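**Student:** Spelled out from the first residue to the last, the chains are:
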Amino acid sequence: MNVITDALCPFCGCLCDDITVVVEDNKIIEAKHACMLGSAKILGHCRLGGNNIETHHTIKEPMTRVDKNSNFKEVSYDEAINEAAEILAKSKRPLLYGWASASCEVHKKGLLLAEELGAIIDNTASVCHGPTGLATHEKGSPSATLGQIKNRADVIVFWGCNPVQAHPRHMGRYSSFARGFFSEKGRKGRKIIVLDVRKTDTAKMADEYVEIQQGSDYLVISALRAILSGHADVVPASVGGVLKDQLVKVVETLKTAKFGAIFFGMGLTQSKSRYKNIDNAVSLTFDLNSFTKFVITPMRGHYNVTGFNQVCTWETGFTTAVDFSRGLPYYNPGETAANDVLNRNEVDAAMVIAADAAAHFPANSVRRLAKMPLVQIDPHWSATTEIANVVIPTAICGIEVEGTAYRMDGVSLRLRKMIEPTHLTDEEVLERITQRVKELRGE
Amino acid sequence: MELLIKNGAVYDPVNGIAGDRADISIKDGKIVEKVSSGASVIDAGGRLVMAGGVDAHSHIAGAKVNLGRLMRPEDSRIGLKSRTKITRVYSGYTVPNVFAMGYRYAQMGYTTVFEAAQAIMKARHTHEELEEIPIIDKGALTLFGSNWPTMDYVREKNLDKLAAYVAWGLLASRGFGVKVVNPGGGEMWGFGKNVTSLDDVVPNFDVTPAQIIVSLMKANEMLRLPHSVHLHCNNLGKPGNYKTTLASMELAKQIKPAKDRQVLHVTHLTFNAWGGTNWGDFESKADEIANYLNNSDNVTTDMGQLIFGSATTMTADGPVQYANAKLLHAKWGNGDVELEDASGVVPIFYAKQISIHAIMWAIGLELALLTKDPYKVLLTTDHPNGGPFVNYPEVIALLMSNKKRQEEIKTLHEAVHKRTKIPGIERELDFNDIAIMTRAGPAKVLGLLDTKGHLGVGADADVAIYDIKPDQIDPSVEYAKIKSAFQSAAYTIKGGEVVVKDGQITATPMGRTFWVDATVPEEQTEIMMKDIRMKFKNYYSINLANYMVQDAYVTHPKVVKAGAIPVKVS
Amino acid sequence: MTLKVTLITGRTISQGVNLENKTSSDYMEATASCELNTKDIELLGKPKYVKIRTEYGDVVVKLKENSSNPSGIAFIPMGPWANAVVDPDTKGCGMPGFKGIPAEIDATENKVLLLKELMARYKQ
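Chains as they are written, first to last, in our numbering: chain A, 1 to 443; chain B, 1 to 570; chain C, 1 to 124.
Be careful, since some hints might not be right.
Unchecked claim - Rough simulated footprint, nothing fancy, chain B against chain A, three-plus residues with beta-carbon under 8 Å:
#1 37–44
#2 141–150
#3 312–322
#4 407–415
Claimed, not checked - Keeping only pairs whose Cα atoms sit at most 16 Å apart, straight-line, the calculated EDC-like set for lysine to aspartate or glutamate is:
#5 B:Lys81 / A:Asp78
#6 A:Lys272 / C:Glu104
#7 C:Lys123 / A:Glu116
Hints were generated in silico from the structure; no laboratory data involved.
Keep in mind it's a predicted model, so treat the numbers as computed, not measured.
Even for Gly, the Cβ is constructed at its ideal location relative to N, Cα and C.
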């Protein structure tokens, strides 16, 4: 029996690093401290003896098929890698998408392949916090590490996010309930404000719940900014379904905080106005700093969706949605993000890795992916498998392979290897595809 | 691998060579006495030969650099270059991608560059980027000035614990030296406040910036670290701050250096040699600073020269960045790090017709020209705060030519005449001075003179050859040629390998990362660690076991040993 | 009757728990459902299944009660069933319309497609 302490949980953007994993015969039998999401990931779902590999939802062998309506044929890694390389090398406009459930080491290999192919590379931020990146281009990012918030914050705002469901340990470790140097009283010493379009489980735990009419976030932020800057007189009696009195009360709480933190989620990034919501929320944060200290932090979803954006930014200058077809990195979400190029029917082949595009893209995009040569690299059988031609199973990052991941606040940590892998790693597969692509192109 | 550079006009101040024709012999990455007849030969043909450039203060890697890139796609769209068989893509001007960072430094003949600030907690990120910067050797200075353990030990006057913490912090961050930014201010920015003088008391910690600086200097010398404390002064960015800068320099008098170098390096003086009381009567006080330096031997500085055009300010000085963003109505990046420090990123455009910018442009130059000893003023732009490092050749040309300066002054806001001394300064630096400010000086300040910054036997074989024949050029007049030659080295040799020829990258070896392993008596570390463990249990948001930068992130380390007691020889 | 709603999609804990368990009935149970408040459910006549129609497609899912929803707000957990009806337009910034889609909901006797069947539709 092997006990691994201080292990990282490779599920959500909280990247909790206090997991104790018990391993027996290369099987994980226990994951102490992990939440439901983390346990599900680390232990596997079927819990057949706790082995997270030998369950029905993982992919056992590389598989290929020419006709997507036929059954897969199990093949060797060599054959699958060769087939994947041929699809990508032949493509005039390949898309490499995914990267959320993989380490930064995998991202580096992916960016190299994208450069080699002249491909478009995009990660799941595209359908998550992509607009947050755009707002950062517009207004910046006044933020802090999560520990700064835990130690100091006496006012915490959750806007369009639901940590109770999506980031279960966030409130305990970093926000609402966390105790720190200046916040010994934990929840008792804090005011929690939740703004959402429905009374989520997070909203139910708030001191102040502000219910916004769906799609009105931008208006509500603007009203808060107007009140904050002393122009309450121009604010109508009700804004976006919220009474002015409540907005005035919220502003009072915000500006009298000693340290305030705003966490936001897809309620802002995916609603009407998209990145403009975040742009306005960053401006609100900026404005609040004239009164007190305030920071704003996105609730990033996957454990290393942030990492891809970091690596892509330092390697190319751009955060995601990078098009290498000109040789140079070209970035223009709205034009070069995965769903943009799929909507325009530009892409003629795709590789989906460490994400499930078929489950998380709109039908229109999935229809396109379903009709082009498609390579999937993933440990798990997903919706994307159903529409793929080549499926290459890989070892699970953060469980079977170590590597780097970035927490939602940009703190990087090292993922542990908990058990021995039974499959090739993403890194090896990408390296071999890249090598084969070069050979096919006579380089 | 042997290489002979023949017939160069060599400037090697450390070894007393100033333009003499000399041959440089290289074997296995080092400069040697001589090589065999089988060595490959580069005929320098009387052209200028210097050691590879050394930059002791530049922001090249880490969280705030990447936030700068993320905030500025408009910057990344400048300087794009496709990959070649040898090179990856280039992007960016003020915030280049990791590849361009290494290529462009090498193309200028630079071979060693130090990142000026990393928080321990974010050091892994710094090293991830350093690992991907090609060619150059590098390292990173670690922030200590607002760290809670630092302030606790300063308050308790427990230098043993402080030294143990510094040594451990350098190990944890794989850091090279002690960086102090707006000491105490980082903590106060936690609640949106700042310190305003060296003697302000930081609430809850009950220490002053002066006490932090002095204690860290003491610990630094106790540990016999190669580099001294590297200070970004309090009140940076505020008119009248030259007084704080002088007062900070004065603190160095209390300390004796443990090594043959300064005890305090005060950085990017362009931002803290400011007179006046507001933006209206803002003026240069570089002359006062230079005067101080001319009468003192334990403080060094660097220019932080302003370059007109686009820049991206980035610093651990969180409060100054909020003030900047507010003043400029600019986008604002802020990155507080729990228990450690703050940071901020704000884009800026330096304009010739803005009086403040014109005066700041003069400050860096005044400082370099009024300070007699070039070892005391290193050439930097505090990249990318004053401007991007690719402009070093512009700065060299300005320092070498009064004519160029006068031409430039004609294009600037008139304030440069009334509120700076630059129009009347006639001094022109020579190649020897430039070799000191860009090679010997930074190497000495960093404590790396054994292998860097010179061309003596035993030095790393890092060499730059520039397309200038020193005996056939008058830099004062032909400043355009000077600038273009320094922009694009005829050859850059890194560790004995030709990495640049005629300004083009020819090879991209992986450089090394310097970090300092300072020995402290084990029991001292153990006592200190009790406090650290308590801080992780109660205050940090990560576990101690996951804090330290793992070996996987420093694949080509160059460990420099230091310590309070002699290192055991195995 | 036909209920006119604003559709939003998003994460839930059981969607997350089964994120890497897509082929299971647990995943389907977690994501092939639509949440409405009691009043809206009563307006529909408390059916077991509903068909949701938008400009972009239609899908049949199980109906679930969630009294936290205001009237006129329908929530489907993110996933393939929700995405059958969301707005593909990226509004010039790369992000499709996963929230705030005008939709019509009717009771239905039709069955919920399995993931495999749902994906098979796209291959035709």
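**Student:** Checked against the structure, which of the hints given earlier come out wrong?
**Tutor:** 1, 5, 6, 7
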